[in-house]
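Enquirer: Start from the sequences and build out the full structure, keeping to the hints where you can.
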Amino acid sequence: MSYNKPLPELDDVNRPFWEAAHQGRLCLQKCSDCDHVRYPVSHVCPNCLSYDSEWTEVSGKGEVYSYIVFHQKYNAAFEGDLPYNVALIQLDEGPRMISNVTGVANDAVKVGDRVQVTFDRVTDEISIPRFTPAEG
Amino acid sequence: MSDLRDKCAIVGVGKTKQGKMPGVSSLMLSVEAFKRAIDDAGLKKGDIDGLLTMPGTSSPEASLNYLRVGEALGIDPKFTGSMTMGGGTAGALVQMAVMAIEAGHATTVACVFGDAAKTGGSRFNRASGWGDSWGIWGMYGAAANSAIAASRHMALYGTTSRQLGEVAVACRRHASMNPDAVMRDPITIEDHQNSRWIVEPFHLLDCCLISDGGVCIIVTSKERAKDMAKPVVTISGMGQAYTTRNMEREDWWYVPHQKEALGRAFKMAGMAPKDIDVAQLYDNFTMSVLLWLEHAGFCGVGEAGSFVEGGRIQLGGELPVNTAGGNLSESYMEGWLHIVEGVRQMRGECDARQVKGAEVCLVTGRGMTLNCSNAMILRAA
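Chains as they are written, first to last, in our numbering: chain A, 1 to 136; chain B, 137 to 517.
Simulated from the structure, these hints should not be mistaken for laboratory data. There could be a bad hint or two in this list.
[As the list claims (entries may be wrong)] Mimicking BS3-like on lysine-lysine, the simulated pairs with C-alpha atoms at most 30 Å apart in a straight line are:
hint, chain 1, residue 1, chain 2, residue 2
1, B, Lys180, B, Lys214
2, B, Lys143, B, Lys180
3, A, Lys110, B, Lys395
4, B, Lys143, B, Lys403
5, B, Lys156, A, Lys73
6, B, Lys358, B, Lys171
Expert: If you want it as structure tokens, here you go:
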């Protein structure tokens with residue numbers, strides 16, 4: 001069955017993020033001028049406005065910064081997943097990401113839990129970064 | 137900016153019937169609210185030379201709403217425009233009206249909002265996130281953002297769902313005393329706990345309504361206000377603050393800019409939390425009220441959960457909040473009715489729900505995920 005949930009729309013700015021994810025690496029932009037590691041993906045550094053950045057692989061380790069569980073259907077494509085969680089993940093390298101915690105029951109996740117990135121291959125081109133519980 | 141203290145006043149407020157009104161458009165609601173507001177102020181259409189509007193979610197003209205409303209009202213304003221900051225719009229427009237009046241660009245400004253959101257099927261369910269949409273991870277709707285805030289607040293400070301329920305119960309009790317409110321049947325904490333989950337940690341009764349309705353607020357100089365029909369309600373303090381950085385800001389979830397907006401309003405008015413007799417605090421979700429209480433300084437960081445217990449924010453309590461029922465129970469006019477209720481409390485027009493002797497009211501607004509915030513301090517006379 002084809003994947004019917006929203007997918008990223010690739011362009012010149014976000015393509016490296018999603019290509020790396022499809023290869024199992026979490027890569028973020030690091031500003032070439034001020035070293036700020038940023039997310040979400042942007043063509044410009046929100047810290048110093050530099051256009052120059054390099055893609056850098058981060059550890060994919062972090063913690064659950066906040067955590068919610070959807071029971072209401074907002075988008076029909078997710079109806080079969082209800083209830084499902086969405087988490088705000090604090091990466092060890094600084095940025096925060098919206099994602100999901102997988103491989104564990106919704107009620108077993110707590111704010112502050114350590115997590116590790118994992119990549120969910122949903123199409124031939126796209127793997128979505130999600131997080132699983134990790135030790136330390 | 138402190139020289140804007142006490143320079144302008146709200147002289148007219150108008151609101152339409154609220155709830156569900158099939159066949160009614162956003163434009164019709166805007167026009168009706170305008171007519172009621174000028175009647176309230178004892179003004180004629182020709183006295184209005186400034187028109188500021190907020191498009192409804194169901195307004196097809198969107199940000200050109202000021203043109204559509206202006207044409208329907210037959211007005212050629214000296215000063216006009218539309219702004220779209222969700223629940224942060226009403227306060228921002230009233231404050232813009234004050235600035236325009238004091239700068240000499242207009243004398244009397246009508247701020248207008250109408251939305252057939254209920255009838256139009258607006259679900260407030262879009263996914264946030266520029267660039268890669270958060271919908272990729274299933275994060276949709278307005279509730280999710282405030283739920284993120286509530287979940288972390290609970291984890292850090294031990295805030296409970298029952299404490300959130302205190303806000304819902306207070307708003308509903310107040311709505312039960314407001315003949316114009318949409319949801320008037322009193323509820324208990326148990327009702328709140330037993331209502332279905334929307335986005336944990338939010339139950340249904342943590343969430344505001346979706347409503348049809350219109351609201352208009354008329355601002356003029358304090359000098360002119362003295363000659364108008366109703367008791368003068370002075371704008372003593374105002375402040376705004378925003379964050380656009382979202383996840384780039386570590387404390388984004390806590391909407392820390394709200395504290396700046398409140399601080400500016402208190403400073404302009406030369407007042408402190410102890411001076412506030414009644415507060416209309418923007419309540420898209422119950423959690424938002426807790427954050428306002430902390431940011432305003434009515435209690436310390438992390439203490440709002442226990443602050444709202446024991447009826448403290450109910451009529452008869454130390455700080456009555458959302459005395460008309462708020463977005464949660466009166467009607468979801470995205471904060472416009474919070475200003476109307478603030479004005480009516482200052483006029484002493486609120487009958488059973490009147491806070492006796494109230495002379496100072498705090499009104500706050502917040503909108504667009506967690507981005508936009510503003511505060512005003514209204515004073516009787």
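Enquirer: Take the hints in turn and mark each one as holding or not.
Expert: Status of the hints after comparison with the structure:
1. B:Lys180 - B:Lys214: 16 Å, holds
2. B:Lys143 - B:Lys180: Roughly 22 Å between the alpha carbons, so the hint for lysine 143 of chain B and lysine 180 of chain B holds.
3. A:Lys110 - B:Lys395: Holds, because 28 Å separates the two Cα atoms, which is no more than 30 Å.
4. B:Lys143 - B:Lys403: 15 Å, holds
5. B:Lys156 - A:Lys73: Between lysine 156 of chain B and lysine 73 of chain A the Cα gap is close to 22 Å, so the pair holds against 30 Å.
6. B:Lys358 - B:Lys171: 22 Å, holds
When held up to the earlier numbered hints, the structure conflicts with none and fits them all.
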